[in-house]
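Chemist: Residue-level listing of the chains:
Number of protein chains: 2
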Amino acid sequence: MSADNPWQTLSSREVYKNKWLSVREDQVIRPDGQEGIYGVVELPYSVGIVALDAEGRIALVEQWRYTQSRVSVEIPVGSSQAGDADPLDAARRELLEETGFVAADWLALGSIDNGIGATTDVAHQFLARNLSYQGAVNDPEESIAVRWAPVEEAADAVRTGKITESSSVVAILKTTEYLAGNDRWVPK
Amino acid sequence: MSADNPWQTLSSREVYKNKWLSVREDQVIRPDGQEGIYGVVELPYSVGIVALDAEGRIALVEQWRYTQSRVSVEIPVGSSQAGDADPLDAARRELLEETGFVAADWLALGSIDNGIGATTDVAHQFLARNLSYQGAVNDPEESIAVRWAPVEEAADAVRTGKITESSSVVAILKTTEYLAGNDRWVPK
Numbered sequence: 063m064s065a066d067n068p069w070q071t072l073s074s075r076e077v078y079k080n081k082w083l084s085v086r087e088d089q090v091i092r093p094d095g096q097e098g099i100y101g102v103v104e105l106p107y108s109v110g111i112v113a114l115d116a117e118g119r120i121a122l123v124e125q126w127r128y129t130q131s132r133v134s135v136e137i138p139v140g141s142s143q144a145g146d147a148d149p150l151d152a153a154r155r156e157l158l159e160e161t162g163f164v165a166a167d168w169l170a171l172g173s174i175d176n177g178i179g180a181t182t183d184v185a186h187q188f189l190a191r192n193l194s195y196q197g198a199v200n201d202p203e204e205s206i207a208v209r210w211a212p213v214e215e216a217a218d219a220v221r222t223g224k225i226t227e228s229s230s231v232v233a234i235l236k237t238t239e240y241l242a243g244n245d246r247w248v249p250k
Numbered sequence: 063m064s065a066d067n068p069w070q071t072l073s074s075r076e077v078y079k080n081k082w083l084s085v086r087e088d089q090v091i092r093p094d095g096q097e098g099i100y101g102v103v104e105l106p107y108s109v110g111i112v113a114l115d116a117e118g119r120i121a122l123v124e125q126w127r128y129t130q131s132r133v134s135v136e137i138p139v140g141s142s143q144a145g146d147a148d149p150l151d152a153a154r155r156e157l158l159e160e161t162g163f164v165a166a167d168w169l170a171l172g173s174i175d176n177g178i179g180a181t182t183d184v185a186h187q188f189l190a191r192n193l194s195y196q197g198a199v200n201d202p203e204e205s206i207a208v209r210w211a212p213v214e215e216a217a218d219a220v221r222t223g224k225i226t227e228s229s230s231v232v233a234i235l236k237t238t239e240y241l242a243g244n245d246r247w248v249p250k
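Protein chains in written order, with the working numbering: chain A, 63 to 250; chain U, 63 to 250.
Everything labelled a hint here was simulated from the structure, so no lab data went into it.
Be a bit skeptical, because a hint or two may be false.
Note that the list lumps identical chains together, so a pair holds whenever it fits in one copy or between two copies.
Below 35 angstroms or equal to it, Euclidean Cα-Cα: the simulated DSBU-like pairs (lysine-lysine) are [to be verified]:
no.	residue 1	residue 2
1	K79	K250
2	K79	K224
3	K224	K81
Produce the entire structure from the sequences given, and follow the hints as far as they go.
Modeler: Next up, the structure:
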């Protein structure tokens, strides 16, 4: 227990693991001094990319999401992999895999903690511009369709709740404001 | 398998469960026709509240986050409980628990899917105004300190990456723009 950490970890064991995530259960002493457990879902960081073309359109991916049992409209998002050097490297790979495009200009939009009470999932957002087509290499475990929509249409979809995936919401919010001349939300 | 659902679930079993989350592993046939597994982390929906006082300050909660092993600055957020009638009801309870305040005016800001690739976590955001103090009832499993900060300071903390919890980022973004007269992001 560090000076700042009010939790004490007594022991830790892995209770589940698959190719994409693992779960550990720690025996802890809580901040209130009582003994208890903490289950932590360990996920690699993920990335989300707003890919903006010369006509002001962005790539939207529509796919069935198994967790929610419904179709979800999103920007290209995905988990980092062992070979990714850093979030930008992961974003380049993910953009190419899902759309077939590479981008000459990248702007980091920040990151968010998804479900910080239970998971380690950190999602990094990027704005990718100056695109050129190189050819898609789809992940065989995914079934995705890409379409290009005006950024204003994507912004409306965020407002009306048609786009709800967290990385997509944050990245479209920040990008739309940034393109409108509002640089309040972009890291300097 | 519905007409739209490209996945087929062959079987499902619970592989872990604690008081806050459960994990199930499904045997599936993937969209590409291959057999595989899908691990789903089942979490109850959560809520996040921007509580705005008459001086333009919002409630920020600073607490150690066990999952990330660091302090996190957030708006009041928390998981729904069995007794919550709906997200707004959960938000009222959470705001009272974490700050001791009740609000006469509530505005729904939308919802986000946290980690949609692996979890069922849906987080709903609200703007709460017209506050009155009723007295705090802190959850004994949490150790939290509330302070009131100008909304502009919270916005800066989002931009600079001092605030990264997903519900907080989205709710502060939407609230800041809304208070500045930009209603593009608030559901109508």
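Chemist: Against the structure, test the hints numbered earlier, and report the numbers of the ones violated in rising order.
Modeler: Violated: hint 1 alone.
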